[in-house]
Amino acid sequence: MEFTAEDIAEFLSGEVDGNGKVKVTNVSRIEEGKPGTLSFLANPKYEHYIYSTQSSIVLVNKTFKAEKEIETTLIRVDDAYQALAQLLEMYEQSKPQKTGIEEPSFVSKSSKLGEKIYIGAFAYIGSNVQIGNNVKIYPHAYVGDNVIIGDNTILNSGVKIYEGCKIGAECIFHSGVVIGGDGFGFAPSSANNYKKVPQIGNVVIEDYVEIGANTCVDRATMGSTIIRKGVKLDNLIQVAHNVEIDENTVIAAQTGVAGSTKIGKNCMIGGQVGFAGHMSIADEVKIAAQSGLGKSIKKVGMVVQGSPAFDFGPYQKSYVLFKNLPKMREQIIEMEKEIKALKEQK
Amino acid sequence: MEFTAEDIAEFLSGEVDGNGKVKVTNVSRIEEGKPGTLSFLANPKYEHYIYSTQSSIVLVNKTFKAEKEIETTLIRVDDAYQALAQLLEMYEQSKPQKTGIEEPSFVSKSSKLGEKIYIGAFAYIGSNVQIGNNVKIYPHAYVGDNVIIGDNTILNSGVKIYEGCKIGAECIFHSGVVIGGDGFGFAPSSANNYKKVPQIGNVVIEDYVEIGANTCVDRATMGSTIIRKGVKLDNLIQVAHNVEIDENTVIAAQTGVAGSTKIGKNCMIGGQVGFAGHMSIADEVKIAAQSGLGKSIKKVGMVVQGSPAFDFGPYQKSYVLFKNLPKMREQIIEMEKEIKALKEQK
Amino acid sequence: MEFTAEDIAEFLSGEVDGNGKVKVTNVSRIEEGKPGTLSFLANPKYEHYIYSTQSSIVLVNKTFKAEKEIETTLIRVDDAYQALAQLLEMYEQSKPQKTGIEEPSFVSKSSKLGEKIYIGAFAYIGSNVQIGNNVKIYPHAYVGDNVIIGDNTILNSGVKIYEGCKIGAECIFHSGVVIGGDGFGFAPSSANNYKKVPQIGNVVIEDYVEIGANTCVDRATMGSTIIRKGVKLDNLIQVAHNVEIDENTVIAAQTGVAGSTKIGKNCMIGGQVGFAGHMSIADEVKIAAQSGLGKSIKKVGMVVQGSPAFDFGPYQKSYVLFKNLPKMREQIIEMEKEIKALKEQK
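Chains as they are written, first to last, in the UniProt record's numbering: chain S, 1 to 346; chain E, 1 to 346; chain F, 1 to 346.
Zero decoy hints are in this set.
Chain E is faced by these chain F residues, among others (derived, beta-carbon under 10 Å):
1. 29
2. 32
3. 81
4. 89
5. 91
6. 122
7. 214
8. 272
If you're looking for bench data, these hints aren't it; they were derived computationally from the structure. Think of the CB as a built atom: it goes at the ideal place given N, C-alpha and C, for glycine as much as any other residue.
Whole structure, please, built from the sequences with the hints as guidance.
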């Protein structure tokens, strides 16, 4: 496909700044731009590339002001990153879509399948499963007994969903995701043996949830582990039994949430963060990567860092002083000498 | 199924406190309790719910003393959490069990299968495999050549066991578990190239071991990586080559153990902990989440925190002072001024 | 197979020190040595075992000097660990190799397969795939449409490669590896909803790369996520979209690299390290386990620790003082008293 800058500006409700007739056939990153491709500029860190990029077109924010001459054609939009997302979506949707049932696959007769679905070879659909319309289930995915899956959801190759879990519509789960494995619950028994506590609950995942590769969400001991609408989980995340993550919270890779902890709406959580169990985190909280949360956060919008975590600003100050501890120690030794000298002068 | 409080109290050897005729058909969490369900109270954090729960029956410890009037029926037992586990186990065992061999599956003719086993569709059993009685191998599980699996063990969908590994009886492995992948061993070669050191050992897992989703246990370079009887590993844990984890040690999610490290019996290890290689950790050691172990621990029962980890109490004290470093710095500046003033008065 | 010490010394260009006629049939670790086996000694920590081991032969470095009498036969070589690797490789190569196509498997007619390949049962090969010679694709591996795989590469059971990714020659991917899942990219939309940014790039992995179990490498938003020649990634690692890891860099388990970060050549990176996005790390940098990298490192060969990370030596000093903060606080309180006393004496 080939588009002119004018075509694209019209599609995005943007304004052309430069040659509107220039044509592109692909996209590229601004720092690797080639003629015939379109790039975007959103992060100011990359601004200097706009003066040298070979890309034929660059999407920029309306507020962007050039400091030097620019050779490439600009398209000015309200939000360059979002505009790019729109373009990429159009590109993605123009791709051919998989449909039909490949053989050999295993579909229990007691299951109900929606219309226009794709079931890849070696996919497994257990008993009494309900699958909505336009769902795509790739090869080696496993859907246990009594699972429900909403419309337009995609299970990539090798996703595993244990029995009895409920998955919403418009979700995307990447390869290796495990939904509904047993929670980690053991009762101490005689002589240091542990007895397994059966985990008889399930996992409920609402609509528009995306879950990254090899992330695990354990089933509840009783009741449900719940991931609410619009939550985005990155790769290799651990969500333990009876956790609840509220709407539109975003969590980066390798974070772990221990049992029964509740996380509020619209939180932004960095990578490799750890949450202790039985806590509750307020809405809109931001947590720096590698932090450890040992107790609940009640203040909406709080920003924290550290392990255990506390306010972001004070953490930063303390950490600067941590680096300076050797100097602080020297100051103390020096003062001790001076005090001693003062005392001897008496 | 429907049970009265009296039925349940008899099954658990407990005492009814309230209406013994009340009936339940399901279980629920105390904070989400509904009429017709049974809940339990073990964690004191949840004690206040007992005065408002809608659950018809609540299991409590014998030592529990009500501070207000309680409407629900109590069943008093020695240990409420363990009693719940007993009930859930009964509930779990009453479910229908999978048996038989689903098609298509791949079972090498040279393998020996025990009685009453389940092999799901798309499961793969290699050459010379020995599988005990009542074993359940779910769809997409892979059992490499020469593997041995003991009685009653469950491999959930997508578990991978490389050739030559030995798995005990009564084990449960969750989806995505990888047993026997190559250890991470490379010998530096000329010009910054690494040469793979073949990993010709195996993994030995004893009885009653449970391993969480997507956890990895690497095969030994030579000899065996060993997980002893009763060990419980949560999700997304890394166990490197030639590690040994002794009986009944419990490890929370996302912890990593580097090569050749030995961990003692009955240890309790938090989430996201890291162990360096070639160390040894004594029995009954407790390690706080996110700690980093850089050297061996010889003292039985030691409790540690930090990265690198040291004694838990002193760590807590140091961390409080870390938070107060800005204040400490002000004190030092103040003292320096005062000393200067004292010197000038001379 | 049975070899004498003389045979082995000749193969390794080493020198026998002791009985050259002694025979071995297997290898063992020095601390678990048995008669009829060969062990090696490279790590000085294990040196004391050489005086008591039951192994019939021990490989040692030429520089090794015995402090006591040794009963076992020594073979002296330039580098004992590398010599062991050579022996293990010979042992490994003598094993029977899998070849042929097991049924049922799924191979699209539009794909091109090289010679002498192995495709296990339940493996899935999509459309227009190109697979080189001697490639081994184990059961349950998934190779998406338009993927290219070079000669001699091994995909273990359950490896997932999304469409359009390019894999080099001589690579080994372990079970559960996911290559080419979508990068974690969302554009904030109205009212706290996130809109997925389609990830239309791919992953390019060069020759001689080994990737551990359950490690994830996400596809680029645009362009490619790149893992260069000779890189070794351990288990459970996260590599985000548009990351580049340069030649022969080695990364230990559970480390995570956020989007668009570039890591140089010949770096050595510990376990559970976290990298923020959009950074660049110089060649030959060494990073201690559990460190957090918040900004770029420009200095070749720098060694860092901490979260956020700084120079290794100063970090160690600061951490010792962190442990001593309670003592430092006492010193400050003591000095305050003394200053007060001095002032009162005026």
